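Engineer: Got chain A; can you put chain B on it based on the hints?
So the protein sequences, as listed, match chains A and B.
Residue numbers for the first sequence follow our numbering, beginning at 1 and rising by one.
Residue numbers for the second sequence follow our numbering, beginning at 1001 and rising by one.
Possibly wrong hints are sitting among the right ones.
Computed, partial: chain B to chain A, Cβ under 8 Å [what the hints assert, rightly or not]:
1) Ile1020
2) Asn1099
3) Pro1102
4) Pro1113
5) Arg1198
Footprint (simulated), chain B over chain A, 3 or more residues, beta carbon under 8 Å [claimed, not checked]:
6) 165-171
7) 179-190
In short, the hints are calculated from the structure, not lab data.
These figures come from a predicted structure and were not determined experimentally.
We put the beta carbon where it would ideally sit given N, CA and C, even for glycine.
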Amino acid sequence: MAEICQPQARPSLAARLRRLAGRACGALAGVLAFIALWGGLVALLRYPPFILPGPGRVWARFLVAVADGSLWYHTSLTLFEIFAGLLLGVSTATLLGYVIAKSPTLDRILSPYIVAAQAVPIVALAPLLVIWFGFGSLSKILVCALTLFLPVLINTAVGIRSVDRNLRELMRSLGASRWQTFRMLEVPAALPVLFGGLKIGATLSVIGAVVGEFVGADRGLGFLINLARGLFDTPLLFVALFTLVVIALALYGVLSLIEAALLRYR
Amino acid sequence: MDKPGTSLANPAPRPALEAIDLTKTYCTSQGEVTAVAAVNMQAAQGEFVCIVGPSGCGKTTLLHLFAGLLEPTSGVVRTNGTEIRGPVRDIGLVFQNGNLMPWRTVLRNVTLPLEIQGVPLREAEDAARGVLELVGLRGFEGARPRELSGGMQQRVAIARALVYDPKILLLDEPFGALDALTRERMNLELQRIWQARRKTVIMVTHNIHEAVFLGDRVLVMTPRPGQICSETRIPLPRPRDLSVMGTPEFGALAQSIRAAIYE
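Next up, chain B with everything else stripped away, as it sits in the complex:
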């Protein structure tokens, strides 16, 4: 297992995303709370990075800092070398619970980012149909979110993030609310979509198996204060199928990550 920060030693071409001494402190009624404390990490172009950690360890805060939704107390986030000071087009965020607009159809939920960018509706709808097909929701364009299962809603959310083709995709426990079987199927789907679209993905999860299955690298985050305490490379070959979960290598990787969490 590498110690965090060692990957900074071999300078790659500009990382798709990097955080340098990133700290976020909230003022609450209980005083100051440090949600993210001096986090250093980076994600290479096209890399799939998973961040695991227990609830309340600052994972969501970290993602929101990456997305430019929060301003860091200190430190910087850079994408391709430019500092992030607010929401940017190159970064797409998929929220925890789907976060769809119940009054819009599936198709129009997916067109939303393009509508905001001022793309003509016709064009936006064509693009949306394309990504809906990619996430396996062809034929559901006219449905309302409440008519869909949780897994399907999450697919719509992913389609919405893909439609404007951001270079980096941030996923905040996208499958946290799903049952174990649906989650596994969604993991396979996500791997397929990631391989088809070659995006840089940073995914936050509290599921170790999911992280090992999907990630090129798994970072462990510990709470109070939120810090990245270990980094594990996942050398399993791609594309991975579910049977990989039964292999000894998989078990050993999952075990070492679990150990890092409970350290």
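For reference, chain A alone in the conformation it holds in the complex:
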């Protein structure tokens, strides 16, 4: 048969590793260039360290913060708040997004409240949550969950709504139950859009946790930034900032890896 063609071969493991190594080298070169530029600028313009410390000073402060355990002490709590906030925010937003996608009535009833809740700046809402839920982790987890709520919800609703109508008809013609349609069609079909929301949510969760800590906390990276600012310990402020960046990048990277593994068919 003339139309027969060989199914595309997957690239070999060696080729994939080589490509991965190439990408890692590129990223590393970018980081080195950034550090060089930063160091050069500081050396050239001779800012006092409390305004703009050089990479060397920040590194030294990092080592001190690691050695005395303070960095991990604060980071561990922020990480806990981020994960708990992600879990809470993503689960409720996905559930509600699905419900809204399936029921136009609920969509009309709930949407105004959801949008209103999201229109209030989270920095304005955070103090209220701290008053209600105390200075502990709970208020931060709630701020974090609220911050990522809307993008995850909207992506879920859009993802479920955009499931191919013909495939829905197919499932119906085959007599599939609601649960089967959900499991075999809606979840895999909406997955690409779902992951888009999840990636936005993951980065927002870092912001949410820090905003919560800014408002009222005695521990966490947000608190550490506040503390460093008060002490004019700008190198420590940079250490905290970079830690946040690393957390956000790691979350994003892990999600991208899971996404790539799940959506290999594309």
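Structural biologist: Frame of chain A; chain B shown alone:
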């Protein structure tokens, strides 16, 4: 040429599928549209019936009524004497564009109907391998739909409809998106599969040659409102090969159907 309805006069044993005064009206922003108007037709056990007509004449609506995906405004559809009120296991529908799940492999696309019926995956995969072999796709079990040509995707769709062994196969312009050469080859394949599996087939198409080549009977449907306006028996012997298209009988049959469409 017989007039529609005359075949009802000689009562055969229960037809595999019959439509009685089948009407479907849609409410649109432009008011009511009658997509299917008082259609009477039937298909005997093992018969290959083709329905031809221009785009938008209600052919797809008719098939979806047969498949139980739509509820008729009035009239009934019966299969072996029982009224169809929703999707049933005995009827398999092949959609226009393949309609495969891009995230599933070819094999798992074909196992889908069995998975829905609760057949263990192992068993389902064995059955799927069998029908994939029948449609000539052995060796492509692990491929993804996007790696296949249009004709191959359509074969997968047919395999998916065959895998749970429905008695009636409804085909909605299955080869409409294919080039003329691939289409002819697929027509041959479909005839072979139909003869191997002895199913009742109702196929909708806008290609007159395809209809005459494949059908035991060709019904012509006209739009606004969607009605069956003529019925032609195709007495060409089976199995037919492509050379039959060059014969005068074939030409005459195609011409009479064309005349009925433009009447």
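Engineer: Evaluate each hint against the coordinates.
Structural biologist: Taking the hints in turn, this is what the structure says about them:
1. With 8 Å as the threshold, the beta carbon of Ile1020(B) stays out of range of chain A, its nearest partner Cβ sitting at about 22 Å, so the hint is violated.
2. Given hint, Asn1099(B) at the interface with chain A, holds; its Cβ is 5 Å from that chain's nearest Cβ, closer than 8 Å.
3. Interface restraint check for Pro1102(B): the shortest CB-CB distance to chain A comes to about 6 Å, inside 8 Å, so the restraint holds.
4. A cut of 8 Å between beta carbons decides the hint on Pro1113(B): the least distance to chain A is about 5 Å, and the hint holds.
5. For Arg1198(B), the suggested interface contact is broken, since its CB lies about 22 Å from the closest CB of chain A, more than 8 Å.
6. Counting residues of the stretch 165-171 of chain A whose beta carbon lies closer than 8 Å to any beta carbon of chain B gives 5, which meets the minimum of three for the stated coverage.
7. Requiring three or more residues with a Cβ within less than 8 Å of a Cβ of chain B, the coverage given for the stretch 179-190 of chain A holds, as 5 such residues are present.
Of the numbered hints stated above, those contradicted by the structure are hints 1 and 5, listed in ascending order.
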